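Starting from the known structure of chain A, fit chain B with the ligand onto it as the hints suggest.
In the order they appear, the protein sequences are chains A and B.
Residue numbering for the first sequence follows the working numbering, starting at -2 and increasing by one per position.
Residue numbering for the second sequence follows the working numbering, starting at 1076 and increasing by one per position.
Treat the hints as calculated values from the structure; they're not laboratory data.
One-sided excerpt, in silico: chain A residues whose CB lies under 7 Å from chain B:
#1 Asp49
#2 Ala52
#3 Gln58
#4 Thr70
#5 Thr71
#6 Phe95
#7 Asn96
#8 Pro97
#9 Gln100
#10 Pro121
#11 Leu146
#12 Thr148
#13 Gln150
#14 Ala173
#15 Val175
So, partial list: chain A residues that the calculated Cβ filter (under 7 Å) puts toward chain B:
#16 Ser48
#17 Leu51
#18 Asp122
#19 Ser174
Since the structure is predicted, the reported quantities are computational estimates derived from the model, not experimental observations.
For glycine and all other residues, C-beta sits at the position ideal for the given N, C-alpha and C.
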Amino acid sequence: MNRIHQKLQEGKKILSLYFTAGYPTLNDTVKIIQDLEKNGVDMIEIGLPFSDPLADGPTIQASSTQALKNGMTTSLLFQQLKDIRKSVSIPLILMGYFNPVLQYGVEEFCKKCQEIGIDGLILPDLPLDVYQENYEAIFKKYGLVNIFLITPQTSDDRIRQIDAASDGFIYMVSSASVTGSQDGFGNNQEAYFERISDMRLKNPQIVGFGISNSETFQQATKHAKGAIIGSAFIKFLTQKGVDKVGEFVKGIQK
Amino acid sequence: MNYNVDEKGYYGEFGGAFIPEMLYPNVENLRQQYLKIMAEPSFKKEFDQLLKDYVGRPSPLYFAKRLSEKYNTKVYLKREDLNHTGAHKVNNTIGQILMAKRLGKTRIIAETGAGQHGVATATVCALMGMECIVYMGEIDIARQAPNVARMKMLGAKVRPALSGSRTLKDATNEAIRDWINNPVDTHYIIGSAIGPHPYPDMVTRFQSVISEEIKWQLKEKEGRENPDYVVACIGGGSNAAGTFYHFLHEKEVGIIAVEAAGLGVDSGESAATSVLGKMGIIHGCKTLLMQTADGQITEPYSISAGLDYPGVGPMHAHLYKTGRAEFIAVTDDEAMQAGMVLSKLEGIIPAIESSHAFAILETRKFRPEEIVVFNLSGRGDKDLDTYIKYFKL
Ligand SMILES: Cc1ncc(COP(=O)(O)O)c(C=O)c1O
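Here chain A stands alone, though its shape is the one from the complex (with noise of 0.2 Å):
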């Protein structure tokens, strides 16, 4: 069975953090990872950086163009991560934009993923029709499970389609934004967050997008099964070197 499935059935709200992978140095990459699971975060994404990602904000942005420019490849970081599941057991999923990707050859990078132990994918640029059209039989094949976005403003009728194509959970977008755009959840953000819970779907939904600390972790989690944390841990990276990693987590879970 897939990790994501297993975890997802556990009982408990999931915390779950990106980082981009080749940040703040090149071979950070497993130690991250390992301090995470050890600390007591329930799922991982670790970002595959790109040169033009258009749907992150400056704090991403420029953990990308670090991570590049000290060399990260996709080959690279398949190496680096070759032995990553004889030390961690938790979900990992790689999140991306599809050039690279398509650049590397879907089915080979999909079936690395196999390989090295990664159990799903974000690609927020592979729409959701070019994917069943083109690539749900090659991710399936490799047991990946694909996560798809919705944000406050896919309407009921397209969620429902994207709830049907997902097998896993659905990444709900907090708010019309890029990556790391705000802090703070207000009736809006409550609106929506129960406008999904009423729609009672097949697939849990997972809030991304604008969760700093506990405060917006609790909020974000009130409705959804768990919440995913990006630029402000990218942040305290930046700040706080990789050392203290232990000190990010025990703040949102206090």
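Then chain B with the ligand, alone, in the frame of chain A:
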């Protein structure tokens, strides 16, 4: 062979809409509406009226006698340089601002490199009383000061793109991020035949007025609608798409697309996408683009800011792949010399983008009786600084 977009938004294997879900509602709404809106009699009437009275269309089709003598063939120039704001870009911004109004949008965003599309967008926003924000790379802001001032006079806000290489590609990223952040009231006026479907097709249709006019103008002058060749420069490909559109399926018309070779195709400082590019995804579109083996988009280079784009519109990628169009790459030096030739022989100072198209006359030989129509996409006022520095004027 079909060279137009198919019902799924592709030109052969190129095109599509590779967008994050945040953009889906707007792009999907545009996809469902754009052909309907463009077919409305009231839309057509307003569009045609503005092109005539405000832009100054039809733009002349001019027989360039001295240029024809020099190169021993029949050269015609399609004078898009005489449009209001000085380039073909305004054909598209007029169309898109009318589209935006009908979609109920009140705020306009755009990207710009050289500033021509930014000025054309700021112009139509002033005309319609709409808020206008133009993203421009920090480096381009510094090197295109007069166009920045124009946009400001026209009431637009110019926001610097500070990420990446701080040029056109990054300005486009910033505009897309703005659209993600402002999905309800905002329309994004893309400035070339690029981006997710339906943008390449919509922009092409607005620009197709160029080839529509060439047809009847050439009929008047030469007694036939079809020239032997049409030639245009390609950045993202909007002036070329407009110049080629009505000839795509006319087999006897040769199509020539001219790319910027920069310092030379193999110099590492080039924007010749058809030679250097590989299939990939840029700004929501599957097309040919310049990238590393790892799929990171690389920085192009050309002396002309308007051709300095690492991709090419999906229609052109298809024309290249199918062999329907001949692609020629022209270096900075060749283009600058061609600009000087046109100035001296015809009294027309072209935009450096357009100079790239004329430069092929030096190497690509045409027969004396052949009619070759060049799209003169813009005037050279904006490039005077570059001409001054290059020729030490
Ligand atoms: C005069 C002129 N010609 C050509 C271009 C290139 O754009 P496109 O390929 O979309 O026509 C530009 C872009 O700024 C321009 O200003």
